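2 protein chains.
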Amino acid sequence: MIDQHRRGFVLAAGGALAATAVGSPALAQPGDKKIGYAIVGLGGYGLGIIIPQFKNCQHSKLVALVSGDPDKARRVAAEYGVPEKGIYNYENYDSIRDNPDIDVVYVCLPVSMHAEYTIRAAKAGKHVLCEKPMAVSSAECEKMIAACKAAGRKLMIGYRCHFEAFNLEAVRRARAGEIGQLRYFRSEHGFVQRDGSWRLKKAMSGGGSLMDIGIYALQAARYMTGEEPVAVYAHEQTDRKDVRFREVEDMIQFELEFPSGVIGSCMSMYSANQNHILLMGDKGRIELEPGTSYSGNRLWVGRGRETEITAPPPGPGATQWAGQLDHMARCVVSDRQPIVAGEEGLRDMRIIEAIYQSAREKRRIALRA
Amino acid sequence: MIDQHRRGFVLAAGGALAATAVGSPALAQPGDKKIGYAIVGLGGYGLGIIIPQFKNCQHSKLVALVSGDPDKARRVAAEYGVPEKGIYNYENYDSIRDNPDIDVVYVCLPVSMHAEYTIRAAKAGKHVLCEKPMAVSSAECEKMIAACKAAGRKLMIGYRCHFEAFNLEAVRRARAGEIGQLRYFRSEHGFVQRDGSWRLKKAMSGGGSLMDIGIYALQAARYMTGEEPVAVYAHEQTDRKDVRFREVEDMIQFELEFPSGVIGSCMSMYSANQNHILLMGDKGRIELEPGTSYSGNRLWVGRGRETEITAPPPGPGATQWAGQLDHMARCVVSDRQPIVAGEEGLRDMRIIEAIYQSAREKRRIALRA
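Protein sequence lines, in the order shown, are assigned to chains A and B.
Quick note, my numbering runs 57 ahead of the 1-based positions in the first sequence.
Quick note, my numbering runs 57 ahead of the 1-based positions in the second sequence.
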């Protein structure tokens with residue numbers, strides 16, 4: 058039972074808690090055949106973060122690469138033991154259908170390419186793990202879900218924090234009532250974006266800080282509260298004279314109304330560094346700072362910062378990425394829906410679109426149930 | 058020069074910085090005649106907090122009490138050396154006009170009584186220091202200002218944080234550019250209000266947590282940024298089944314838009330404890346937690362909480378209250394306008410009314426310049 062410690066508080070798509078753990082005795086055990094991944098896109102995240110994580114996985118292995126740079130692909134393949142037949146480019150990408158070693162395609166491309174490469178993967182008979190944000194629009198998200206459904210393939214979104222030990226522990230304690238009734242959620246996420254990033258090109262990114270870093274605050278609001286917002290209000294502030302922000306937003310603040318009465322206050326920015334999550338209940342608070350970093354996350358539970366939780370129960374993997382990769386692998390083996398399926402990415406995207414609409418129209422936007 | 062360390066960064070009414078320090082060589086020096094105060098209302102704040110502060114003052118002394126409880130008044134008078142002729146009740150209150158020892162009346166009554174007792178004091182020829190919130194409506198605030206103006210008397214509002222060392226140091230560092238360009242301000246203020254408080258009776262308080270504790274977040278937003286908001290959006294959440302909240306609000310979140318582009322996000326609540334101020338600039342941040350407590354405030358400046366400022370330059374008084382009382386005394390002696398005059402209370406009240414309107418109408422409210 059790999060996921061035993063998460064039983065009862067795994068985060069299901071939609072923010073609700075899953076009634077049962079993800080793992081089951083029928084799932085692959087260490088030593089069984091590992092699920093083969095193709096990484097699409099050898100940029101900072103795919104090459105720098107994801108590929109080195111397979112060594113931490115129990116059920117996942119790297120078997121293929123897709124890159125527009127053949128030299129880079131060969132170099133990476135050699136370093137990570139990917140066979141020559143596992144090297145693809147964007148022209149022959151569809152021929153992955155003929156490679157039975159590939160079970161899952163992990164799309165680590167600019168956001169504008171997510172839909173195309175997810176849909177082509179599904180048509181090639183592969184399961185898909187796609188980075189967040191899922192796509193540049195909810196319409197694209199719907200097409201991706203439909204394509205995977207039509208192909209009978211799974212679709213998971215790369216929401217790594219669902220596999221991160223401090224976040225899981227915070228959720229567990231909130232659900233256990235340690236801070237009483239939750240009243241208020243707040244999260245700020247921002248960093249100083251560098252000029253030249255593709256994320257500043259709207260055609261590639263779909264949007265600015267909200268799509269890139271603010272989505273962590275939105276996700277956290279949903280998985281920490283376990284609720285879906287019913288309305289949003291947003292205010293954008295961008296210095297259009299700053300060369301970085303000619304196409305996309307810098308700061309956007311958004312307020313979420315939840316059905317239980319919890320108020321969510323979130324901030325996203327490309328012009329300052331912040332990474333913070335706070336849950337306030339009528340009996341105490343849970344605070345993470347940083348909350349969603351690659352490493353070094355910290356958690357406090359109590360009245361203030363008197364009590365730090367330095368050793369939360371381990372997450373489902375050696376790292377948040379290993380947990381994520383192996384979760385998809387187990388879902389493939391056991392034919393289960395990933396806890397952060399395409400529908401989860403679609404929900405975020407619909408809320409993001411409402412946030413942008415609210416900021417444009419300077420009014421509260423009610424969300425469809 | 059008592060206020061020398063504050064020269065150049067004293068907070069003027071309206072949130073702007075005063076060009077000169079409050080003190081001047083013409084002001085009263087230690088040893089000169091002290092300004093006489095009458096304290097109106099021997100409740101928790103007047104009796105528990107203000108009266109014991111005169112021992113820390115250089116220019117202020119307690120000379121009179123106004124109370125509806127003669128036994129209590131006599132007891133307090135004996136303890137603090139107030140002469141028999143300095144004991145008043147609410148019926149003979151207007152006869153303070155005949156007591157030349159009284160220079161300033163400090164109104165420490167429930168909010169609904171502020172206007173009446175301020176106006177009567179002005180008519181009796183006395184200067185007034187009135188607790189915050191200034192009154193239950195901006196219309197009352199205007200009447201109070203008019204009455205004091207007509208009487209040629211000064212009116213100051215009890216915004217003690219303008220005299221609190223950590224807050225002053227935070228403002229100084231923000232203005233000095235230590236965190237670069239300010240982008241975002243956030244403040245949460247709340248505590249668990251007890252059932253039975255007069256503050257839960259709307260007729261006495263004028264409103265709920267916003268009037269009582271959220272006003273600290275609003276004030277901080279204005280004095281920390283040095284700007285006046287141009288628009289607000291607010292969302293209220295109150296459990297009306299909670300017996301405490303039959304008449305007034307529990308939680309109210311409000312977002313402030315400032316002319317420079319700074320976004321302000323504030324939260325007020327009566328159902329959880331929080332006292333936090335954060336300024337984020339493009340080069341760092343300033344954080345106070347708690348930020349506006351009676352004691353124990355803490356300040357960090359930098360990227361996170363690595364650098365705590367444990368010894369800010371002292372405020373204008375031995376305590377924030379002594380600084381406040383002596384500031385009014387010096388203003389009386391030197392015929393200067395207090396840095397937190399009635400107009401400052403009126404500004405807050407107009408914003409508070411817009412916040413309530415926004416929450417009621419669920420829409421953004423533009424503020425008059």
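Quick caveat, the hints were computed from the structure, so don't treat them as lab data.
These figures come from a predicted structure and were not determined experimentally.
Keep in mind that a hint or two might mislead.
If chains are identical, the list can't say which one is meant, so a pair holds when it fits in one copy or spans any two.
Unchecked claim - Heads up, simulated BS3-like pairs for lysine-lysine below, C-alpha to C-alpha not over 27 Å straight-line:
no. : residue 1 : residue 2
1   : LYS298    : LYS340
2   : LYS142    : LYS90
3   : LYS340    : LYS258
4   : LYS298    : LYS129
5   : LYS206    : LYS180
6   : LYS258    : LYS90
So, going through the hints one by one against the coordinates:
1. LYS298 - LYS340: between (45 Å within a copy, 18 Å between copies)
2. LYS142 - LYS90: The answer is within: 19 Å in one copy meets 27 Å, while 94 Å across copies does not.
3. LYS340 - LYS258: between (45 Å within a copy, 24 Å between copies)
4. LYS298 - LYS129: neither (37 Å within a copy, 64 Å between copies)
5. LYS206 - LYS180: Classified as within: same-chain Cα gap 10 Å, cross-chain 79 Å, threshold 27 Å.
6. LYS258 - LYS90: neither (41 Å within a copy, 69 Å between copies)
Of the numbered hints listed earlier, those contradicted by the structure are 4 and 6.
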